[in-house]
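Visitor: Could you put together the complete structure from these sequences and hints?
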Amino acid sequence: MKYLLILLLLSSVVNVVPNDLVNDFLTVYKDVVELSRLGVNVDVLVSKLSLALELLSDGSSESISKAELIVNEVKSEVYRLKSEANYYVMYKSLYKYSVVTLLALIPVVIYYLLPRIYLIMWFRFRRRWVVKYGRT
Amino acid sequence: MDVLDEEVFAVIIALAIVGSALGIAQLLRPEVTEPFVAIGILDSECRIGDYPKEVFEGEDVKLCIYLYNHLGHPQLMMVKYKLGSRDTLPTNTSGSPEVTIKSFKFLLNHGSNTTKPISVPISEGLVGRDVALIFELWLYDEGLGDWVYSGRWVHLYVKVREGPIP
Numbered sequence: 061m062k063y064l065l066i067l068l069l070l071s072s073v074v075n076v077v078p079n080d081l082v083n084d085f086l087t088v089y090k091d092v093v094e095l096s097r098l099g100v101n102v103d104v105l106v107s108k109l110s111l112a113l114e115l116l117s118d119g120s121s122e123s124i125s126k127a128e129l130i131v132n133e134v135k136s137e138v139y140r141l142k143s144e145a146n147y148y149v150m151y152k153s154l155y156k157y158s159v160v161t162l163l164a165l166i167p168v169v170i171y172y173l174l175p176r177i178y179l180i181m182w183f184r185f186r187r188r189w190v191v192k193y194g195r196t
Numbered sequence: 021m022d023v024l025d026e027e028v029f030a031v032i033i034a035l036a037i038v039g040s041a042l043g044i045a046q047l048l049r050p051e052v053t054e055p056f057v058a059i060g061i062l063d064s065e066c067r068i069g070d071y072p073k074e075v076f077e078g079e080d081v082k083l084c085i086y087l088y089n090h091l092g093h094p095q096l097m098m099v100k101y102k103l104g105s106r107d108t109l110p111t112n113t114s115g116s117p118e119v120t121i122k123s124f125k126f127l128l129n130h131g132s133n134t135t136k137p138i139s140v141p142i143s144e145g146l147v148g149r150d151v152a153l154i155f156e157l158w159l160y161d162e163g164l165g166d167w168v169y170s171g172r173w174v175h176l177y178v179k180v181r182e183g184p185i186p
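Protein chains in written order, with the numbering used here: chain A, 61 to 196; chain B, 21 to 186.
It is possible that some hints are incorrect.
If you want the footprint, here are the derived chain A segments under chain B, 3+ residues with CB under 8 Å [stated by the list, open to error]:
# : stretch
1 : 122-136
2 : 161-172
DMTMM-like cross-link-like pairs, simulated, lysine to aspartate or glutamate; straight-line CA separation at most 20 Å [stated by the list, open to error]:
#  : chain 1 : residue 1 : chain 2 : residue 2
3  : A       : K90       : B       : D25
4  : B       : K125      : A       : D84
5  : A       : K135      : A       : D80
6  : A       : K142      : B       : E162
7  : B       : K125      : A       : E144
8  : A       : K135      : B       : E162
9  : B       : K122      : A       : D118
10 : A       : K156      : B       : D166
What the hints contain is simulated information worked out from the structure, not anything from laboratory work. Please read all numbers here as calculations on a predicted model, not as lab measurements. Glycine included, every Cβ here is placed at the ideal spot set by N, Cα and C.
Guide: In structure tokens:
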């Protein structure tokens with residue numbers, strides 16, 4: 061009876077983090093890493109998960125409930141981001157390779173246009189010039 | 021007569037090609053070329069220098085742990101605290117064979133660091149011995165679903181004294 065009482069008292073002080081919550085945390089973490097590797101900004105999600113990890117380490121029942129709420133919140137956010145990830149990756153690649161193409165075209169454009177523009181400017185600056193006949 | 025000098029034109033084209041190549045290289049290079057993680061140990065006020073040389077058995081030693089993530093993605097990290105000796109220090113490939121006494125978990129984003137105060141216990145039965153407080157850095161491998169030793173660790177030698185009489 062005495063030991064049972066001690067056990068009851070201990071269980072009210074020391075709380076064990078439920079395995080389901082730990083597994084949920086690890087699954088969400090895995091998804092966040094995946095999104096990050098795709099180039100999605102996950103700064104906010106990482107800060108939230110970091111807070112959840114601190115709460116889980118704390119171990120009190122209140123902290124565990126708060127951690128659970130945060131993990132669920134991040135989970136729904138990850139779900140939303142995952143559905144948008146393909147579009148985001150495509151947009152990012154398109155933007156990147158468009159900039160690369162533009163940069164690659166700069167020397168070609170300069171090669172063809174610079175002499176012409178220079179010639180136009182040369183004549184424009186000298187259009188009021190008058191050729192005079194005279195002895196030198 | 022050429023309006024634009026040929027040599028000047030060649031220099032302009034050369035500059036444009038070099039600039040363009042540099043810009044493209046910057047865009048196409050991987051974001052992280054040398055991924056790494058770092059661990060550091062600091063004193064109780066989270067500064068370098070005033071490390072304890074002597075500790076009492078049963079005492080909780082206050083230190084700070086510094087971690088940095090430069091892997092290119094968020095990383096779940098664990099610092100394992102062990103008490104060892106010169107013969108049981110970790111190596112670049114394997115952790116110390118000593119038992120883990122305490123562990124601390126952190127989640128760091130790429131390019132970020134953290135400095136956290138920690139408290140580590142000194143086991144009893146080590147009075148008069150020079151012991152190493154070992155802190156190993158382990159990383160969670162989401163592919164394996166397990167913790168993997170990073171090859172990074174820090175240790176601090178201290179002499180264990182008998183606890184003061186209360």
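Visitor: Could you check the structure against the hints above and give me the numbers of any it violates, in ascending order?
Guide: 1, 3, 7 and 10
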